[in-house]
Amino acid sequence: MKFYADVHLHSYYSRATSKNLNLEYLNLWGQFKGIQVIGTGDFTHPAWFTELETKLEPAEPGLFRLKKEFRDATCDELPPACAMDIRFMLTVEISNIYKRLDKVRKVHNCVFAPSFEAAARIRDRLGAIGNIRSDGRPILGLDSRDLLEIVLESDPLSYLIPAHIWTPWFSALGSKGGFDRMEDCFGDLTPHVFACETGLSSDPPMNWRLSQLDPYVLVSNGDAHSPSKLGREATVYDTELSYPAIYRALKDHTTDPGLKGTVEFFPDEGKYHYDGHRNCRTRLHPRETTAHNGLCPVCGKPVTVGVLARVEELADHPEGRKSPNWRPYHSLVPLAEIIAETQGVGPNSKRVQNIYRKLLAEVGNELFILLDCPLERVQKAGGALLAEAIRRMRAGDIHIASGYDGEFGTIKIFSPEEKQSILAAEQLTLF
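Position 361 of the sequence shown, counted from 1, bears residue number 360 in numbering that gives the first Met the number 0, the numbering being contiguous throughout.
No wet-lab data here; the hints were simulated from the structure. Quick caveat, the model's predicted, so the values are computed rather than measured. All the given hints hold, so there is nothing to weed out.
DSS-like, lysine-lysine: derived pairs with alpha carbons at most 25 Å apart:
hint, residue 1, residue 2
1, K1, K250
2, K228, K66
3, K250, K321
4, K321, K259
5, K1, K228
6, K300, K175
7, K259, K228
8, K379, K357
9, K418, K357
10, K18, K67
11, K349, K228
12, K54, K67
13, K411, K228
14, K66, K18
15, K98, K175
16, K18, K54
17, K357, K411
Model the full structure from these sequences, guided by the hints.
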């Protein structure tokens with residue numbers, strides 16, 4: 000069966016996250032978004048671990064469902080058109096800060112466990128190393144290679160995926176805290192890593208430019224810090240709905256066809272795509288960074304080198320090359336942002352949220368609307384401007400002021416004149 004998975008996210012026990020980032024609302028927003036397999040996040044946090052044990056029950060092997068009494072807490076908010084059975088997978092992101100090869104490294108890694116018993120073994124080992132109680136995403140002075148060893152020893156089906164591998168500050172290949180080679184990060188255990196996460200600021204073609212990434216299959220996840228951010232990116236499977244089937248699709252990706260592709264942010268919208276200096280509101284293409292000798296033209300301090308430049312630095316193939324393990328991908332703009340563009344207001348405004356809920360009720364979940372719904376049906380429910388915006392997004396016909404140094408990029412789909420022309424034509428047709 001085909002399903003979407005978003006398994007890198009957090010709970011309300013992580014810093015800088017929404018207070019309603021709990022299982023009840025993740026279960027609800029998974030149905031809003033069309034994400035059937037959702038990571039729990041944060042399973043090393045003792046209080047969250049207890050909540051997971053209390054609220055989840057076994058479903059298919061290695062996957063869990065929210066118990067009915069907790070599902071019922073949000074059932075009044077769910078449009079029937081979005082209803083689906085949600086599954087949870089036990090996951091956690093670890094922030095590893097340590098010294099290797101004469102430099103301080105800062106790497107985020109996502110860890111996956113097939114059972115509460117395996118998750119508890121990982122939790123207990125990490126609890127003996129550092130503080131796992133103060134943050135759902137614990138910060139540990141632990142080498143990524145040694146974390147991988149702990150994961151592998153917890154269960155034959157436990158695995159690790161390096162997170163958002165290009166993010167400057169906290170990733171395996173990042174310009175500030177990472178390495179130049181994946182082998183330098185994981186050492187002798189590198190063969191046990193079989194997938195890498197693209198992150199919001201890169202897409203598959205950028206990663207395909209590196210021969211060193213050819214052994215890995217690429218996955219995408221939303222790294223949600225609130226329920227509404229679920230599914231910004233996702234991985235597409237067509238296989239049995241179970242943890243072992245997902246594991247095989249990742250580990251045996253050269254022979255198992257279960258991993259079908261990814262859903263991506265437009266990488267320009269990611270908050271580390273270009274170089275720049277946020278304090279001075281300076282956005283620089285890598286060529287401009289080179290022209291300024293890596294310094295901000297406003298204050299003269301070093302800029303944060305973004306993903307585009309870092310990929311260029313490490314790439315050994317030109318643009319357009321495909322990895323031997325490539326998969327199809329779709330680049331999307333979140334539905335609320337598209338609605339906001341058509342309405343001329345912010346995506347969190349009441350008007351946008353009302354339209355968003357109306358579309359879900361009349362058409363179906365967000366991924367269906369963005370990827371598969373006939374445009375005539377979108378137009379009937381949301382108007383000609385929205386249908387045209389989604390058509391352009393599907394075609395990649397949008398304009399983005401690229402993100403930089405922690406600032407997300409900004410999307411532009413229509414000029415004011417285009418918007419007026421489409422609205423006028425719609426009025427004429429109605430008349």
